[in-house]
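Colleague: Numbering-wise, UniProt numbering puts 143 at position 143 of the sequence shown, and it's gapless, one number per residue.
Treat the hints with care, since some could be wrong.
[Claimed, not checked] Derived Cβ-Cβ restraints for the label pairs, each shown as a range:
1) ALA54 / CYS122: 11 to 21 Å
2) VAL179 / GLY56: 14 to 24 Å
3) ASP43 / ARG131: 15 to 25 Å
4) ALA101 / THR67: 19 to 29 Å
5) PRO95 / GLU66: 16 to 26 Å
6) LEU114 / TYR140: 31 to 41 Å
The hints are simulated quantities; they were obtained by calculation from the structure and are not laboratory data. All C-beta atoms, glycine included, are put in the ideal place defined by N, C-alpha and C.
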Amino acid sequence: MTDTAAERVLLAPGPAVLGAAGPEEAGLLPAARADAVVFAVGDAERAAHRYAVALGLRCTAYAGPETGEPETVSYVLRAPGTRFVLTSLVQVIGPRGRELAGHLAEHGDGVIDLAVAVPDVCYAYDYAVDRGAASLAEPYEVRDAYGTVVLAAIGVPGGTRHTLVDRSRYRGPYLPGYVPFERW
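Please take these sequences and the hints and turn them into a complete structure.
Modeller: So, in structure tokens, the structure goes:
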């Protein structure tokens with residue numbers, strides 16, 4: 001799902017010695033655009049409906065117990081240039097549920113992840129970790145009938161997770177596990 005309105009941005013300037021696989025300018029991490037802003041909310045369905053109506057956003061994808069995600073329910077809202085994902089807890093089973101429950105208990109509703117589209121997740125992950133970002137998840141692939149997405153996650157000061165995303169080989173509604181949203 002390429003966004004034609006997206007502009008190339010450069011992140012994390014600093015002194016770097018890059019090999020042939022790196023960007024043209026040393027010290028710059030190429031990022032295509034913001035991929036998604038993920039919010040933890042108390043009631044994802046109600047929040048998604050409210051945001052869709054109030055802001056004119058379109059709900060395009062859903063994941064929850066019916067799609068194989070037993071701990072959370074998530075709605076994806078499209079806006080020009082990015083996506084907003086509203087996620088709430090259904091039940092705590094594993095680490096994902098504990099993380100979401102902990103965030104909601106400590107902070108209430110708010111941003112839990114800023115996902116950034118990058119052309120090469122492995123390179124971007126190594127670049128960020130080499131410069132002090134905490135490794136939260138090494139690069140990995142997720143697949144479904146729509147294709148493959150490559151993801152990795154880093155942590156930076158302040159506690160917000162940053163997911164690095166390459167969806168160049170994916171044509172689904174958002175990520176594997178999400179289905180097109182057709183209610184409301």
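Colleague: Does each hint hold? Answer for all of them.
Modeller: Here is what the structure says about each hint:
Checked against the hint of 11 to 21 Å, the C-beta distance between ALA54 and CYS122 comes to roughly 39 Å, which is inconsistent with it. Distance hint for VAL179 and GLY56: a CB-CB separation of about 23 Å, consistent with the stated range 14 to 24 Å. With their beta carbons about 38 Å apart, ASP43 and ARG131 fall outside the hinted range of 15 to 25 Å. At about 20 Å, the beta-carbon gap between ALA101 and THR67 stays in the expected band of 19 to 29 Å.
Judged by the Cβ atoms, the range 16 to 26 Å given for PRO95 and GLU66 holds: they are separated by roughly 22 Å. For the pair LEU114 and TYR140, the beta carbons lie near 19 Å from each other, so the given range of 31 to 41 Å is not met.
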